[in-house]
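The hints should help you fit chain Y onto chain V, whose structure is shown.
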Amino acid sequence: MAKIIVVTSGKGGVGKTTTSAAFATGLALRGYQTVVIDFDVGLRNLDLVMGCERRVVYDFVNVINGEGSLNQALIKDRRVENLYILPASQTRDKDALTLKGVARVLEALRKRFEYIVCDSPAGIEHGAIMAMYFADEALIVTNPEVSSVRDSDRIIGMLSSKTRRAVQNMQPIKEYLLLTRYIDKRVDRGDMLSAKDVGEILAIPMLGIIPESPTVLQASNAGIPITLDKESDAGIAYLEVVARFLGEEPPEREKKSFFTRIFSSKLT
Amino acid sequence: MRVLEFFRSKPDSTATVAKERLQIIVAHQRSNRGSSALDALLPKMQRDLLEVVRKYVEIDNEQVKMRVEKEGNCEVLEVNITLPEGSVNKNE
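Listed in order, the protein sequences are those of chains V and Y.
Sequence positions in the first sequence follow this note's numbering and run -4 to 263.
Sequence positions in the second sequence follow this note's numbering and run 2 to 93.
Looking at chain V on its own, in the form it has when it is part of the complex (with noise of 0.2 Å):
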């Protein structure tokens, strides 16, 4: 059964196309069918993180007024295997997403695809409610300052009670906190929040905690997922976040021991 995942925050800017980009391409690369679609109408960017700007012709929301076909839209990446695209519209009309629409292609992608990955745009109307309406589980991208985590609050809050699964009174959504531009010196020095003490206020499981790092500026400057960058701190903790959503436990790396001691207490 396939399984649709948002990957969302509230703020802007904190990671949410550069964590889809990396984490749908880390799940490709593990041999599952993935595709990840860009919900940001108007402001899609998706296609650029993962370097196919060129080779958009058809979008999401031509697909749902039936302008094109799903397997028009579609773009094959051409570095991984078992990974698409779905591009962003960039018209202007913020309620061309419908929630019609939305279901009916979630539902066709639904039976060639084992991991759906849905970027969200910022904020929390419209098109961030389509984007986790009908998601399975979800990334909530934070970053360890006071207002990303206060906004992941909102979001979280809005997870359990704006989405299929809430109002349909079904198992609630399974909901994962992923710390981006984290600084351990500035976390030692007690000017950073650590993730201890995002993980408390949040109060979610942590799936990974990605450095801060001068490489995500690089790959996205070259349109490369990180976690094809095999030198990258940054892509190396996506892959390990890949790991742990897919329910391994990742090889301990040194200097870390306080993350797994984290991790063991949150996921089991």
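Source of the hints: derived by calculation from the structure; they are not laboratory data.
Just so it is clear, the structure is predicted and the values come from calculations on it, not from any experiment.
Note that CB positions come from ideal geometry on N, CA and C, so glycine has one too.
All the given hints hold, so there is nothing to weed out.
Ranges between beta-carbon positions, derived for each pair:
| id | chain 1 | residue 1 | chain 2 | residue 2 | range |
| --- | --- | --- | --- | --- | --- |
| 1 | Y | P44 | V | K180 | 49 to 59 Å |
| 2 | Y | T83 | V | A161 | 32 to 42 Å |
| 3 | Y | R55 | V | H121 | 37 to 47 Å |
| 4 | V | M165 | Y | E76 | 17 to 27 Å |
| 5 | Y | V58 | V | A161 | 33 to 43 Å |
| 6 | V | R99 | Y | V18 | 41 to 51 Å |
| 7 | V | G63 | Y | R55 | 52 to 62 Å |
| 8 | Y | V58 | V | N164 | 34 to 44 Å |
| 9 | V | K180 | Y | E79 | 46 to 56 Å |
| 10 | Y | R55 | V | V162 | 31 to 41 Å |
| 11 | Y | Q30 | V | A103 | 28 to 38 Å |
| 12 | Y | D13 | V | R107 | 52 to 62 Å |
| 13 | Y | E79 | V | H121 | 27 to 37 Å |
From the structure, some residues in chain Y lie toward chain V, with a derived Cβ separation under 8 Å:
| id | residue |
| --- | --- |
| 14 | T15 |
| 15 | K20 |
| 16 | R22 |
| 17 | Q24 |
Just chain Y, lined up with the frame of chain V:
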């Protein structure tokens, strides 16, 4: 100066301050969350109640007061209906 600073108690790190502020704001956000469904129903419930009470007693709109309170895991719906003196018609 240095000596004075040494004796002054060390201020909390900014991360600690951030955590404390967030704990308060998040607790507040969460307390607003739960009862929202019932809150939305209150005005209609209040109108319906008024209609029922008015079958028997003359009362003003403001004399029916309702509110929802959270107590641990359960919600308490408090309804307060003030009856004006001598308003009940004993013949009915």
